[in-house]
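Q: Each chain is listed here by its residues.
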Amino acid sequence: MNLYVGKVLIINLSTATVSTEPLRLDWAKEYRGAWGLALRYYCHAVRPEVDPLSPENVIVLMAGPLGGTLVPLASRFCLVSKSPHTGTIFESNIGGAFGPELKFAGYDGIVIKGRAAAPVFLKIADDRVTLESAELLTGRGIFETEKILEAEIGSPDAKCLAIGPAAENLVTYSMIGSESYRQFGRGGTGALFGSKNLKGIVCRGTGAISVADMGRFLERINHYKNEDLLTEDNLWAKTDGTPILVEVTNEMGIHPTKNYTRGFNGRKEKLNSEAIQAAKIGDRACFACPMACGKFTRVNSAEIEGPEYETLCLAGSNCEINDLEAVIRFNRLCDDLGLDTMSCGSTISLAMEMTETGRHDFNLHFGQVDEYLKVIYEIATLSTERGRDLAMGVKKLAAKYGVDDLSMEVKGLEMPAYEPRGNYGMGIAYATSERGACHLRAFPIFTPDPFDITALVAEVVNAQNANGIKWSMGFCDFWGTMNTKIEADLLTVGLGEEVTAAELDLTGERIWNLSRLFNLRAGFTSADDRLPQKVMERPLEDGAQAGRVFSREDLTVAMDAYYSLRGWDEQGVPSQQKLVELGLDSLLKEDLS
Amino acid sequence: MKKQLFANPDHCTGCNRCTLICAAMKEGVFQPDKGRLKINNFPLRGYSVPSICFQCPKANCLEACPTAALYRDPDGVVLVNQDLCTSCGACVGACTYGMVELGEDGTAFKCDLCGGDPACVKECLADALLFTQGDDELVRLKAAQMKCRTISGSPSEKRHVMADIIVKKARA
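So the sequence lines, in the order shown, correspond to chains A and B.
Position one of the first sequence corresponds to residue 100 (the numbering used here), numbered consecutively onward.
Position one of the second sequence corresponds to residue 547 (the numbering used here), numbered consecutively onward.
Treat the hints with care, as some may be off.
[To be verified] The calculated lysine-lysine pairs, modelled on BS3-like cross-linking and capped at a C-alpha distance of 27 Å, are:
(1) K495/A with K633/A
(2) K473/A with K495/A
(3) K246/A with K212/A
(4) K580/B with K222/A
(5) K668/B with K324/A
(6) K246/A with K580/B
(7) K688/A with K677/A
(8) K714/B with K379/A
(9) K324/A with K580/B
(10) K246/A with K668/B
Bear in mind the hints are in silico, worked out from the structure with no lab data behind them.
Bound-form chain B, shown alone (with noise of 0.2 Å):
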């Protein structure tokens, strides 16, 4: 089994280490806004959701870009060649989870694990990040996360739908 990037709610503390060493690892800069996961804080409720690329077995971003911008390498992660995108924010729209998004020169930007190290796990120490083969209970949490689809909205509103019904669970 090859290794894959899980998301733990119960254990993320909101502190948004991992998407400020996602965009200066990427970018160059400190800039959240510029990750390729998030984290969704609710506060009142002391509870706080990443946001994560699952790197779909069917991804939808993938089968909806025209110009097969996006492709997936033999790990199975999906990657965007920017030669070949041309910004027309169709992988945006079919991405269920609000995890692609057209960066400041217009080319589409999402998860790419760091070439199999990502740097956001080694940056949190909560253990709410893990990039591992995964017990049963890690695959089950991914299966019900990757259930809450949404398909209107802009990348932020998807991910906060998705946050939204993990955390009414949560502190039910």
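With the rest of the complex left out, here is chain A (with noise of 0.2 Å):
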């Protein structure tokens, strides 16, 4: 078999049962790979109204087409379920090198059921699979727990998911690590994997990927790694790397500081590329990239990968803490204890402005260092009345002390480092993205009107069912110049079958499409298309867009908008035809009932 390797793991932990699939062709064919084939094995196994937690929910983890060969960014790694944070169908890729392992081992992907009685961790050695006790790593962190479940394969080129205390905690916003520094972060991975009492999976692979013609495959990389990828338009990535946007956003206005109040740091020199570039001793990258983007920073004796740049803006700017050796503590934490820092770092910036505006006494003030590392791993292990509070997450915290006009969600996903208020086609992918607030389904803050609504529409739109296959290819987001030409022709070449631009072009719009029927089916409607209160009602402060905001009116205008683009009705129901046009129709005679 050429690009994929033609099996899936099946591990039902309730009955301690490991088995392989021969990987689904038709499906294949259909949704690519990654996400795409991930949600369609996901719709297939679960019922929609599932609880995330519960032992009938299911986790598919799916690997790309491309994913372990030498085309660049294409190894992502993509999980789906659906999200015990928002309740939505949810996707989230990890880089790094796990999914390639995964393939070298000799499956595409893995599908998890039930739930184990006791803690237990997954072992894969190529063909040899089993569930082993986890019982004496409970508690640890993922640092330590990679370190062990490499001695327990006995190869330190094993490569490891893992999760630490806030998983096993059920923190509904914690994470997925690999390799230290890489997660599946966002919407509650990690609790889904301590829901089933599963501690992590080492994977060790020493297989092969064939390819049709690899002469011709490898001309094709060197043709589009040299003549797309290595130019200007993405060079960012390996000079810098994601802190640049703190400049470029800063200077938009859409920067976000202190609990999105303001648009605008006036001390983002602390936190910036230059920053960065001054702490930084090397450059790391994930499998097959030659970008690095990776920046590995040390200030006195704190060092980590990163920070990226949504850490450095939702747990820098957005709590005021203006210290890049603060941040990179923070970051260490949440990558060690398991938590996501984007939700973490914005949970905590409106617990800051509950205390100092009186609406509730967390202790926790903008810039205040001490409190603000402490109550991370009050949060992951729920030691604290403070940090039960705070592992709720933005949108019940709020709920709990009626402060919803300062909390910042999006189906309940808190939202990224881009001020929508500043730039409404922001607000648009944040208020149609499947799984809520979200910066990686579509990402106009380019765009040449940022308050253009109908060309921003079209715009999100595009950018959603170019994603939607991109992501099911494995590519990664840095690769900005990547289109479905090219990735129709690294799959003709590698595949030995011809595969157009036109199909997948339909793929990712078939993706977007079954999505959205998941989360109708488990109850959203179109009034859960919708932003924050702060955002529609409070003017932006400071910086180039102050005195915005995103009116009810205008979203209405968007969603009507978007709603007749994407062939649904006035509901946000997608319309027979378009079920038809994109083949889901016959889906649903066998799935999502």
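Relying on the hints, combine the two individually framed chains into one complex.
A: This is the structure in structure tokens:
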């Protein structure tokens, strides 16, 4: 078999059984890999109303067709399930080398069902796959867990997925870590593992991935690498990595500061790319990536790969922690204890605003480092009342204390580091993403007019469809000039059968619509395609977009235009014609009922 | 002076493009495990150490071979004549750097420098792999790496012993 390795591992934790199934080639053709293929498996495996943390929920992990090959930036690995944080279906993807390692072991993906009676880890050594006791790993952080799992499999070349105490305690924004500093970050992936008593997966693969014509495949890779990837549009990733966005978003006036009160951080020099470069001691890459956007930094004794832009902003500017060493320490604690830095930073900034405005005293203040670092452990271990409160995330915390006017989330997912009041495109992207406020479905920040709703709706729809297939191919966001023509060419040469760009365009749209169908059946409606009260009512302060809101009226206009362009009815439900066009009408006869 | 392969771990990003291209050229598939060089990653410390064949002037692998399947070409590169290899594994045990292994057909495989134009070097954009006559610094670096010898263990274990020593110094 070419590109794919042709098998999927099926793990039933309730019965402690491990089996393999041939890859569903019919689904692989319609959904290609990673996100799309995991989504298809998932929709077949559960009912939409499933409780995310119950044994009935399923986790699907899937590699992309180009993962493990020399195609650059193509080895990201996807997880699809229902989020314990938002209740929506969601996708999260991770870089590094776990996905390739799984393919070298002989599997394109893993379907995880049930719940183990006691903590276990999954050990994959090529065709030897076993469930082992993880009793002795309970409570340990991700860094130590990975080290122990490598020893358990007897190879320092093994790759791990692991959870920390936050996930064991079912914190709904806990994550799964890999290679210390890489994560399935958003949506509570960690709690899914935690709810199944699955402490981690360790994998060592020594096998091969084949392609139809190696000579031509290598020639195509070189061509796209030199002529498209390593060009001006993408080279920021190699030189600066994501911290470059600190200056960019500040200049645009969309850099969330002081719990999304201001759009500009007057002390940005403490956290910008120059500050990162001054602290940098090395460049780090994911598998087969020549860009190495990961900047390994050290300040005093604190070292980390990162911090990345989202953390610099949401745990830095947005908490007014203009201190790189403190943000590195925050980042490292989250990475080890197993918390999403974005949701965690955003929840802490809300608690800071609540404290400072007298709504509730958490003893957390903007710019105050000690308590900011202390509370992370309390959240992960649920060891204090304040920790338990903040472990709920922004939406539930705001509901408990009646501060909806301060909370910044969509569908329960904390908002990323791009202010929608200063770029309506980001607002439309947040309101319509299948997993809530997310910057990885559409990213229209470089649009010519950030307030042209009609143009932005079209841009968001196109980007969502394009990313549907891009994440399904396993590509990284940072190959910004990627398109379905390149994807189709690589698939055609690698598989030895023709794949067209038009097919892949349709696949992207199919994925988006299938996610929508799942959410509608899980109880979400157009009323959930919304923005936070603060965005709609309270003018942004400071910076280039000061005074702006994204009003309810404008949002209604935007959503009407969005549904219409999508071929959905006024309630945001895909039309029968759209379902037929995408081949989803037949899926509904078997699944999602 | 002839060109040599040098590895500079301070520049290595851990991406494995070198091991992928190596296996693609030698085996026709993507399979880092069959690469003639290896990358040892230490993600927690943000460091990676390439393991390369040094084409040792006094090559233990060559000396251990009972059938002269391993031999040195006029450029000083140690090569394997598959036809003479009896799969005894003596060379694997003899290499103190873990850089000779047995393939699926049982015969030994090792780095042959691609006949003087190593594919791994062309694939490395980080300048962690260099094919050059070498300056004083590179020569010193290689000499220091060659001191990290290990007699026992599997090839993988030997490579990691050397890599461990190097990462501890680099990230002290």
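Q: Decide, hint by hint, whether the structure agrees.
A: Going through the hints against the structure:
1. The straight-line distance between the Cα atoms of K495/A and K633/A is roughly 16 Å, inside the 27 Å bound, and the hint therefore holds.
2. Straight-line distance between C-alpha atoms of K473/A and K495/A comes to about 21 Å, which keeps the hinted pair within the 27 Å bound.
3. In summary, the hint linking K246/A to K212/A is supported, as the alpha carbons are separated by about 26 Å, within the 27 Å threshold.
4. A distance of roughly 22 Å separates the Cα atoms of K580/B and K222/A; the hinted pair therefore holds under the 27 Å criterion.
5. Our distance criterion of 27 Å between C-alpha atoms is met by K668/B and K324/A, whose separation comes to about 13 Å.
6. Using a Cα cut-off of 27 Å, the hinted pair K246/A and K580/B holds, with the two alpha carbons roughly 24 Å apart.
7. Distance check on the hinted pair: K688/A and K677/A sit about 16 Å apart at the alpha-carbon level, within 27 Å; holds.
8. Distance check on the hinted pair: K714/B and K379/A sit about 18 Å apart at the alpha-carbon level, within 27 Å; holds.
9. Under the criterion of a C-alpha separation no larger than 27 Å, the hint pairing K324/A with K580/B is consistent with the structure, at around 24 Å.
10. For the hint pairing K246/A with K668/B, the CA-to-CA distance comes to about 33 Å; that exceeds 27 Å, so the pair is violated.
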